Each structure stands twice: as structure tokens, then as C-alpha cells.
Amino acid sequence: RERHRAKRRDGDREKKKRRKGRRRRASRAGEREDELQARHEKREAGRRKRAKNYQESEGRERDEEEQAQIKTGKTAKTKKNIKNEKTRKVEQEEGEAEERNAKGKKKHGSAKKEEKDEDGGKCAAKEKTQEVKKKKHKRKGADTLNSLSPEELEKLKEAVDERKKLIQGLRGKPWSMKKKLVTLRESQEFVEKYEGALGKGKGRKLYAYKVMMAKKWMKFQRDFENFKTACIPWEMKIKEIESHFGSSVASYFIFLRWMYGINMILFGLTFGLVMVPEALMGRPYGSIPRKTVPRAEEASAMDFAVLWDFGGYAQYSVLFYGYYNNQRAIGWLKFRMPLSYFLVGVGTVAYSYMVVIRTMARNANESGVGDDNSFNFSWKTFTSWDYLIGNPETADNKFASITTSFKEAILEEQESRKDDNIHLTRFLRVLANFLVLCCLAGSGYLIYFVVRRSQKFALDGLDTHTWWERNEVNMVMSLLGMFCPMLFDVISALENYHPRVALQWQLGRIFALFLGNLYTFIIALMDEINLKREEEKIVKFNITTWEASLYNSTVSENSTGPPITIQPADVPRGPCWETMVGQEFVRLIISDTMTTYITLLIGDFLRAVLVRFLNYCWCWDLEAGFPSYSEFDVSGNVLGLIFNQGMIWMGAFYAPCLPALNVLRLHVSMYLQCWAVMCCNVPQERVFKASGSNNFYMAMLLVILFLSTLPAIYTIVTIPPSFDCGPFSGKKRMFDVIQETLESDFPAWFSKVFSSASNPGLVLPFILLMVLAIYYLQSTSKSYKEANVELKKKLQTQNEENKKKNKRAALKAQMDLEEARKAASQTADSSQRLYHGKNRRNPPAPVREQGLPATRAPVPRNYHHGNHGAPGYLPGFPRQSEPRMHRVPSLQRH
Amino acid sequence: MFVVTSAASAAAALPSPNFLGNRMVSPAIALAFLPLLLTLIIRYRFYFVLFYRAVLVRSWKDCVTGLSREERAYQYVLTHAIPGDPDSILEAFDIWCSKVEFISNIGPKKGKILDRLLMEQSPLTVLELGAHCGYSTVRIARALPLGARLYSIEMDQRNAAIAEKIIRLAGFDDDTVELIVNPSDEVIPRLRSDYGLERLDFVFMDHWKKCYAPDLQMLEGSGLLGKGSMIVADNVLFPGAPKFLRHIRKSGLYEWKVHRATLEYSKGIRDGMAELVYLGIK
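Top to bottom, those sequences are chains A and B.
Under the working numbering, think of the first position of the first sequence as 1, with each following residue one higher.
Under the working numbering, think of the first position of the second sequence as 895, with each following residue one higher.
The shape of chain A in the complex, shown without the other chains (with noise of 0.2 Å):
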């Protein structure tokens, strides 16, 4: 017996059985004193309810019917203990014993109860003694641990343990929830009871109370992480998004969340480590001449238009470069404002580029499961359904849409497999990349054409020409980057894509698209630069002669009086280039903005108004038919804000209100887009996950990233700043402010140091370490991948093994089972048995099933199996032997 409840112990899966079990037992021998403590406490919890019921019910005895007793009995129950499902059905059952009084006894029941029933009349003393016996039991639970023995002590210690493993691998049971929820908390209770008792002697109370540290903490770390995601700016926003539009849209706002942040860092860099030291620290405006609006503007210096062009006073603030002082160190402080400067421009492209990295490298781990396309239609079965949405509409659509993802597989399968039809598909394809070549070099053109006839007006002077043409640039650039993915996404309906592979395309060429416009903007603004540069030559030239003519004119006249003081806003002065491209920045940066929300109102807002209100006196339906609502764009959106990105990091430099401005400009489009995604735009026709594409917005981040640096730093290195403006001017190059600092600012064996250690001879075997240990690492982690899929492999094969040896032996059970029925049979029916020996050993099936109604039904299915299964076991193969067949019956009766 013992042995038989160790194995019980061990199969948790048998736990109820053990329990009806052990009442079973326990009826007849009562309580045995080498019972585990667990046991004991077990059947006693157990004892207790049935008791309890036994109190209602017997409460209730007196002026009722018993059936009746019985069930309210059981409602009460219900109540107050959804555990005990089976006591209830043996109290039940219980119930009808006591009435009938005979079979139940021996069934169930423990000794007690059988005596209650047996002396009905007694049964309220007899209560109150199994009360008392149970308050005994309660006490004993509590208390009776400081008397326990070592070994006691250590079969509790081994019963806490066994429910703790219950505990974890409960959720790989194959019970109902019902019961799997039970035993849970009966588990608990139980571990929560007896595990402060574990310790020993003096450590007792110690141990309780680090278990009850350590579940208040977990507790605390609960409350924390749920603190943590409502800290989360936007998270129910975003997350209302994905509930009506799907992933792939809500990957969007997540992207913007995110650009958001990156922006808020670069924003307090710029903003509190160069523009408030300067105006706070700095010469404040009118002191010196780069600091002060010139004489010939200042008429207009306060316009509107003028300073919406971010000329006049905006030009001459702490907003751009040219504003800046080169006096080494300002305020009380000292502050180091050039060197802050070069610092920080560099510093936030170094933070972009680690964060970007960083990113993506943790995405890549996230997302390492490779995709293969080896099991298309299980991938698409199990893994379709985007468990985001919460809303009907949106799951009408996704549920359209994995139909016809079904559809075009089965379709793509057989296409594959007739495989004539892939011509044309490639023909389209190579087509539209054609069209779309035409329609990128078209947009390039059209482009290097506004930019050379704005330079041609800029020759002639900007005031000459009306507000169109001067802005024709950043006009044309705009509406390009509108207009020309609407054509590239109805050129891509020509190419048969799945949606996800079709996004990727249509972001690649977008990509493109911006990708040409921003260099031909940064080639014309190259072009710009070199001009500025031979015009400040002329002004340096022209600067050295007014200055000698003034102080000419003023020794001629008087020269002993004091100098002539002369107003900083009359001094000629160069013109600054790099304010100059600081501006342009900003301005597309500008332009950018208005055109995306102009389209967002007049595109989604105007339409879904018009669509929404002219539906009840129009003929035909709009809101299902012609112009409908939009949808989401979400390339076209991804793409705006990487290239507003690149654009900061480019500008950022020159300009250091970029941050602040994308700040804003992302904070605003953060609510005008969440706003105009949920009143105007539909979910889109073909709902697709947005896994994976996460790592190629930040691939094509880092693209924008890399690109967008290139010019920033060629500019940095190559072209000296201008004389008079910015806090670089009068150095050679802007990195000057570098060794300028480390020969002033730290002592002369640092720069001694740093001097050593920027010689080629110690920095290229340092390059060269890297560059081994990159290789390195790549290796390493290429052989783990290699792994990776060797292991898969290994699994899938082995799957397969499994499904196939699975297959074989219900397979041979069932010939069995067969054959045991059609031995039955025979056994029935012997006179016919000669026939049918004969004719299992004759193949045609039609005559067997003639002379064997009664196995009739079950012969064609096991047909239909064997053809399927295993070649080898065709149903008139004569394979069968005589012993099997007595076998089979044997097999039967088990």
C-alpha cells in the first residue's frame, strides 16, 4: 500500500482519484497514525467541509424533506466552496445513502459519518464533538509544528515541495480549468501554511518573515511595473490605435514615441549646454556687430514675413550659428562656449548613433527567430490573427483578409506549381521598377531644374521675384515628396506583392525619392556655400580698406580726440554662411511641417467630412465606393519622419533651434495624427502584422543617419568658418577649439599624452585590434547562428520521426482493433467463420463485406486510413495470422 501511494504521490494527475481513494481507505481503517501530516491535514480540510455540510444539512432535517435538504445543501455549498466538486457529488450521493442506507456506507464516507449515519438521532452531539475535533485539528495545524519531529518535519518540508512543483507545472496539465484552478489554490493554501514552519528552532521566525518580505516585495515590483506602463506617454492612445487599425499602424506611433524621446535628449543638449549659457552668459544683443540686425534691415527686421522667413531678429539670436560670440570662456562661470558648441554637435550625432545601434541590435535579438517559409499555410493558420484589435470593424477586415491570404497561398501554390504565369509576374515587376526609375529621375530633374532657377534669381536679387518663385524650391520639393509615393503606391499594384514585402519596396523607393531630393538640395546649398565664401572674400578685402579709410579719416581729422564710436550695426560685415544654411534648414524644416498637416486636413479631414455629409444627397455611395475614406499611410509616414530626422541631424549643427522646433513639431503631430487616424481614416483593406519591420525603420534610420552626417561633416572639416560670425571664428577649421582647449585648459603632460596617443603609430594597431575583434564576434556569432539551424533542423526531423513512428502504431492498433472485431464476429457468428477465413486470404473486399454485415460500417473507414497510412499494410494484403487474431480479443478486454 505504501508503495501504491507513492506512485499516486508522484502522478499528480491522479490526485483526485487519490482523494476519493484515500476516503475510501481511510473508512476502513480509520485514522492511521503513520499517515503523512500532509494527508492528515488534507482529509481533515476535506472532513471539515463534508462536516459543514453535514451541519446544514442536518439543521434542516427536522422539517424538511431530504432530497430537497439535499440540494439547498448543495446551493449553500456552492457558495461558500466552489473547490470540492467530488465531496459535493459524494455528499450527494451520500444524501440518497442515507436514505436508502445500505450501499453508500460501504462506498464512501469516512468512519464517522458512517456512524452519524448510522444513529441519525445523536447527530447534533455528534457534531459538536467533530467540531471540537476539528478545532482540535485547526490547533494543531497551527500549533502542534513546534512538536513535530524531525521526520515529520521533513515529510512536511517534501509536501510543500511536492506542491510547489504542482504549482509551476500546472499549467501544462491536461485538466480542465476547472480543476487545474482548485488545485491551484488549494496549493497555495497549502504552501502559504506550512512554509513558515520549515525553518528551525530560532531561524523559524526569521524564515517567515523573509518569505513574507520577499511576497511583499514581489508585490511591490508588481505595482511598480504597472506604475511603470502608465508612465508611459501615449501608451492608451497608442494602444486604442492598435485595437482599431492593427499593428502596422501602431508601429508608426510607437516609432514617433520614440523619435520623440531621441528629439527631447538632442533638445536638452543644444538647448541647455549652448543656447541658454549664451543668452543667458553670453554679450547680450546689440554688443557686438554679429550680434546686431544691420543697419539696411532694420526697417524690416520685424515683419512678419520677414521673420517667418527666420530672417531680422530671429536671424540674429541665439537660434543660429552667426549669433554666437568666439570669446573662449563666458560669464562667471568660465564657460567654455565654443568648445560647448563643437561638443555638442558632435555629441548628439555620437548619442544617435549609439542609441540607433542599440536599438537595433536588441531588435534583431527579439525578432532572431529566422523566418522560413517552409510551413507556409501552419504560419498562417496559428500565427494570423493580430490578437491587438478590439474593434469589429477592424476584425471583419482582418478576418478578410487572412481569407484571402489563404486564397492567394493556395492560388501562389498552384501557380507555383503550373509556374506559367511567372513571366508576366516578373514582367510587371521589372515594369514597374521601370516606371518607377522614370518617375524618380522625372522628380530629380524637375528639381535640378528649380534649384539652378532659384540660383539664377538669387543672382538677381530675391526681391525682384514674387513669393512663388522664391519659394519654388521648398514648393517643388514638397509636393514631390506628396505626390510622387501616391504614384509609387499605384504603380506597386502592378507588382502583386504580399503587403509586407509590397511596404518594404514602396518604403525603399520613397527612400529614393527623398533620398534625391535631399541631395539635391544639399548639392544646390554646396553650391550656395561657395558663393557666400567668394562674396566674403570680397567683404574681407573691402573690411581691411573701410577700416583703414576710417582710421585714416579719423587721424587726419583728429587724433587726439577719442575714437569715433562707431554703432555695431553699421560694420560691414560677411555674409555668414553658415546662418545662411542654418535658415534654409529651418525653413524646410518649416515648409516640411505646414505641407504634411495641410495634406492631413485637406486629404483626410476635408474628405472624410465631405464623404461623411454629401453621402445623403449623392447618388451614388461614397462612403463604400469612389472616393471613400483614406487609410493609413503608413510608408509614406515612416518615411516623412526619418528624413524630418536626418534633416535635424544635417541642420542641427547650424541651426541649434532644430531640436526644439522637430520637439514641437513631433508633439503636435503626436496629437493631430492620433486625432485624425481615429476620425477620419479607415483600417486598412488588408491588415498585416508589422513584425519585423521595426529593425528596417531603424536600418533606414541609420541609413538617414549615416547620410545625413556626411555633408555636416564634410562641411565641419573642409571649408574654414566665416570671419566674423559664430563662436569658431578666427580659427582655421572648426575642430581647432579642440587643441585649443587641450593647450590651455589641461596641463602640458595631458596634451603631451594625447599628442602620443593620437600618433599613427599607436592608433593604427588599435584600429586594427577592433577591426579583429569585430571579425571576431561576427564569427562567433555567425557559427551560433549556423547552430541555430542545425539544432532546428535536428527538431524538425525529429518531429517528424515522432509523427511518423505515432502514425505507424495507431496504425497497427487499429488493423488490430479490426481484426479483434471482425475475431469477435466470427466467435458470433461461427458458421459463417469458414467463409470469412477464406476470404481474408482472397483480396476482393466487396464479397467480405457481403458476408459480414455486422463489421460492415467500420471495413471502407479502415480502408480510407490504410491507403493513406503506410503503403505497405493494403487492406487485402495477405499479412494477418491466425495467433494474432486470438490475440486481438485479449487486447479488447483491456
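Calculated directly from the structure, the hints in this document are not laboratory data.
Here the structure is a predicted model, which is why all the values come from computation and not from measurement.
All C-beta atoms in this analysis are idealised placements derived from N, C-alpha and C, irrespective of residue type, glycine included.
Take these hints with a grain of salt, some might be off.
Said to hold, decoys possible - Computed Cβ-Cβ distance ranges for the label pairs, DEER-style:
(1) B:I1007 <-> A:R452: 58 to 66 Å
(2) B:R937 <-> A:Q414: 23 to 31 Å
(3) B:G1120 <-> A:Y671: 51 to 59 Å
(4) B:H974 <-> A:F613: 43 to 51 Å
(5) B:P921 <-> A:A305: 20 to 28 Å
(6) B:M1013 <-> A:F382: 32 to 40 Å
(7) A:K179 <-> B:K1161: 18 to 26 Å
(8) B:R1010 <-> A:F375: 29 to 37 Å
(9) B:M1013 <-> A:L817: 39 to 47 Å
(10) B:K1104 <-> A:Q414: 40 to 48 Å
(11) A:F375 <-> B:G1065: 50 to 58 Å
(12) A:R452 <-> B:L961: 46 to 54 Å
With chain A fixed as given, assemble chain B onto it according to the hints.
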């Protein structure tokens, strides 16, 4: 063009007094709108084709021949189809509508769905709203079981005359098909009294899309619909009957679904045919 106008209004505040003068928008900006134009043309090409075929070609032919579109269709069918054979008549119609001109019949694709529904239902009393020139009437009558009767309502006198000829040409007599020349909203209330109808097993709607909802409500009110009566409405997505769809969605009287298909004789325009089963008032 909205962008331009709004930007122009914004620019009006700027100091450029003569910007409305000689050159308002530079050619480069106008060229930047070319992709938009192309996009619109490509995306809505089917609608343009439909407009061309259903409006331009029709009015041109009307002017040239002096006949109405339906009469031209009848002439073609008369010369190209075998009398007494509904299939060949339908085929002739299909060819004419897809190759020559456009008439919004139910078309072969959606017609197959209609045929299937009729086969499954095998109704004895059928009401058709909007016979037009008899294509759908022939289609329904062809699929009816023996002894069934089809009431077809057409508002327009000339169309009704042609529909009558087509129906007779297909070989259906007065016992099978009865053509009622009157607006549907006048006929439906009088169906019970004038035509002695007790119950409609099947209703097919293909008349004015705006009349779908009121006619359906009228049918509900007349008490002709019994439990299990089927109502099929064509063109509920394009040109579309939003009120009708809203009504069936909200009333809860029907078990309904929309068969998605394309517009008849056109590939790219999506359309749907609504199939309703009357559940009765609970």
C-alpha cells in the same frame, strides 16, 4: 489644387502686390502636380472607362441613331439570338453590354449567384422590381420551377415595351411572367388586392437605388414577406444603397450577407449583391 489655393490665400498676406499678375504659379510647381494627376488617372481608370461607355458613347449613339439605348440593345438581340432560347438571349445581351455599349444589367457573374439562390430556394412567387429591358426577368424566369409565377415591375413605358418583347422572345408566356408597368411604390401596396398575392417567396431588387429602402419597408408593411422569404438586391455597393444597408443592419428582421463581386461588365469596380432572408417579426 486645394494646396495651391490655400497657399495662395496665405501668400496674400505677404508683401508681393503683383503676384496675381503675369505669373501666378511657376511651371515647375505645376509640373509637380503631374504625379498626382497620373495617380488619379491610374487609380480610377475603371470609373473613367465606365463614364466613357455609359455616358459618352450612349449620348453619342443616341444622337446618331435616334433610338434609345434599350431599343438598340433589342435590335442587336433580335438579330443575334435564337428566339425561344433564353440562354442565347442572355448571351447576346452580355456580348452587347460588354463589347458595344453599357447597360447595367445584373451581368453574368452576379447572375450566376442569383441562379444558385433561385435553385436553392425554388420559389413559387417571385417579385422583380425594375425589369429594365428584361435581362434579369429572363434570367429569373429561366431558373424558376414549374408552376412558379414572376411579377415584374417596370416604371418606364418604353423600357417595359422592350422588356415585354424580350420576354416573349425568350418564350415565357403570361402565366409565367407578368409585367406590371407602374412605379414600384404604387404597385407594392396593391399587390395583395389587385393581384391576389398571399406571400412572396423571392424578391429581386434592381431598380432605383434610392427606392431600395422605402420599397423594402413597404414590403415589410404589406405583410407579403413570410418567414424564409428571400430578398436579393443588386448594386448595393456601387452605385450603392447606404440607407438600405443601414436599414437591414438595424432592423434585425433579416439574416443577411453581401456577396462581393465586381460591377457588371467591368473588372475593377467593386460591387456587392445583398442576400436577405426574412426572419419574421418576433
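Hint check for B:L961 and A:R452 - Cβ pair distance inside 46 to 54 Å:
violated, 60 Å
Between B:M1013 and A:L817, does the beta-carbon spacing fit 39 to 47 Å?
Once the Cβ atoms are compared, 44 Å apart, the range 39 to 47 Å for A:L817 and B:M1013 holds.
Satisfaction of the hinted span 58 to 66 Å by the C-beta atoms belonging to B:I1007 and A:R452:
Given a distance of about 60 Å, which is inside 58 to 66 Å, the answer is holds.
Beta-carbon spacing of B:G1120 to A:Y671 - inside the hinted bounds 51 to 59 Å or not
holds, 55 Å
Status of the given 23 to 31 Å range, CB of A:Q414 versus CB of B:R937
The hinted range 23 to 31 Å holds for B:R937 and A:Q414, with Cβ atoms some 29 Å apart.
Please check whether A:K179 and B:K1161 have a Cβ separation lying inside 18 to 26 Å.
violated, 57 Å
Cβ-Cβ distance between A:F375 and B:G1065: within 50 to 58 Å?
For B:G1065 against A:F375, whose Cβ atoms are near 57 Å apart, the range 50 to 58 Å holds.
Between B:R1010 and A:F375, does the C-beta distance stay in 29 to 37 Å?
Holds - the Cβ-Cβ distance for B:R1010 and A:F375, about 36 Å, lies within 29 to 37 Å.
Between B:M1013 and A:F382, is the Cβ distance one that fits in 32 to 40 Å?
holds, 38 Å
Could one say that the CB atoms of B:K1104 and A:Q414 fall in the range 40 to 48 Å?
Holds - the Cβ-Cβ distance for B:K1104 and A:Q414, about 43 Å, lies within 40 to 48 Å.
That 43 to 51 Å hint for B:H974 and A:F613 (C-beta), does it hold up?
holds, 47 Å
Given a hint of 20 to 28 Å, does the C-beta separation of B:P921 and A:A305 actually sit inside it?
holds, 25 Å
This entry does not satisfy hints 7, 12, going by the numbered hints stated previously.
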